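Enquirer: Protein chains in written order, with our numbering: chain A, 3 to 114; chain B, 76 to 185.
Some clues are possibly wrong.
[What the hints assert, rightly or not] Heads up, incomplete: computed chain B residues facing chain A, CB under 10 Å, no partners named:
#1 Q81
#2 G102
#3 S104
#4 Y111
#5 R117
#6 Y174
#7 G177
#8 S178
None of these hints come from the bench; they were simulated from the model. All values reported here derive from a predicted model rather than from experimental measurement. Don't be surprised by glycine CBs; every beta carbon is placed ideally from N, CA and C.
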Amino acid sequence: RKEVEQDPGPFNVPEGATVAFNCTYSNSASQSFFWYRQDCRKEPKLLMSVYSSGNEDGRFTAQLNRASQYISLLIRDSKLSDSATYLCVVNLWTEYGNKLVFGAGTILRVKS
Amino acid sequence: SQTIHQWPATLVQPVGSPLSLECTVEGTSNPNLYWYRQAAGRGLQLLFYSVGIGQISSEVPQNLSASRPQDRQFILSSKKLLLSDSGFYLCAWSRGGGYTFGSGTRLTVV
Numbered sequence: 003r004k005e006v007e008q009d010p011g012p013f014n015v016p017e018g019a020t021v022a023f024n025c026t027y028s029n030s031a032s033q034s035f036f037w038y039r040q041d042c043r044k045e046p047k048l049l050m051s052v053y054s055s056g057n058e059d060g061r062f063t064a065q066l067n068r069a070s071q072y073i074s075l076l077i078r079d080s081k082l083s084d085s086a087t088y089l090c091v092v093n094l095w096t097e098y099g100n101k102l103v104f105g106a107g108t109i110l111r112v113k114s
Numbered sequence: 076s077q078t079i080h081q082w083p084a085t086l087v088q089p090v091g092s093p094l095s096l097e098c099t100v101e102g103t104s105n106p107n108l109y110w111y112r113q114a115a116g117r118g119l120q121l122l123f124y125s126v127g128i129g130q131i132s133s134e135v136p137q138n139l140s141a142s143r144p145q146d147r148q149f150i151l152s153s154k155k156l157l158l159s160d161s162g163f164y165l166c167a168w169s170r171g172g173g174y175t176f177g178s179g180t181r182l183t184v185v
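Isolated chain B, as found in the complex (with noise of 0.2 Å):
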């Protein structure tokens, strides 16, 4: 069965440090690669996504950016973060049909 990691599931970050969330699928080869932001009492904003290995569309401009190094692996950086990137972080994948989920990762940039 497929299944989808991300981590960490919380991360508290000091503002214009780095950033990198990582997420991995198994079970299936060539998903479709998508990271979403939700921001506190808002909806998912899709930043990022990839169908296939170093091919990344970007949704939003900002100070983030994704990888794709290997087919099942999606990574979200940041060079330095802001107060606003602020928010719960999700990894999904699909291949032809509905999205699975992540569990997310809360973070928060003080």
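With the rest of the complex left out, here is chain A (with noise of 0.2 Å):
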């Protein structure tokens, strides 16, 4: 099983829609958890943190369930600039040091 887990899509939306993608991890141990975004051919960038209580960020919400070991993105008023993949990522501490564990990505299109 791998230790997080997305569905790759693609999220195929018209601008202005809401789009949801969930993650799942399977460490409990998991510390701290973000989603990053990476467009094509690109380094991955932080797109924000994800905590117990949901945050949100602009036109951006995200959501943990440490119980279900769930992890959720919501977008809400798509852009054309949204398209990218989106990485699902946890923060796993280790006796060396703590390392990111990153998903496979789900692509997201929006289109006009």
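Can you join these two chains into the complex? Each is in its own frame, and there are hints to help.
Expert: Here it is, written out as structure tokens:
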């Protein structure tokens, strides 16, 4: 079983739509959680951290359910510029330091 | 401010040739450093990470190796490249928080 699992998509949505991505992780010792965005042939960039209480950043809302080991990202009022791959990421603490484990990503395509 | 440099941006190497990719970080000290690889259409795979000079943890058995000769320098190497080594190699650093990635090296082994 993969440590972080995501639906690869692609999700094809019209501008203005609301879209939700889900992610599950297998290691209950996971310490912290993030969503990264990766544009085609570019490096990943941090989109937002994910907190148990849920957090919002503009049109983006992230939720974490530790009991179910489930993370979500909601994008409201989608823009063409939101088209990208969204990576679900968990941070694990090991005796050698912390490491980020990435899901394979969910592709979003927003169309006019 | 902190910056991370990774080079070269693209590389085409024949099978069996050696490899050396370098990553350096500026503006911070004692960072955690990481090498990831992303194969075409796949997720990021952690290859190596380091919490200090000379300290390397390997995640996946392969024909690659990593070294950290200085605090802010992380090197990925191979003595003989395989076709399966092709991919997008990303260096990243962190210091107790989120990661920042370099711009990556796109390696094609032919």
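Enquirer: Could you run down the list of hints and mark each one as holding or not?
Expert: Verification of the hints:
| no. | hint | in the structure |
| --- | --- | --- |
| 1 | Q81 | holds, 9 Å |
| 2 | G102 | violated, 17 Å |
| 3 | S104 | violated, 15 Å |
| 4 | Y111 | holds, 8 Å |
| 5 | R117 | holds, 6 Å |
| 6 | Y174 | holds, 6 Å |
| 7 | G177 | holds, 7 Å |
| 8 | S178 | holds, 6 Å |
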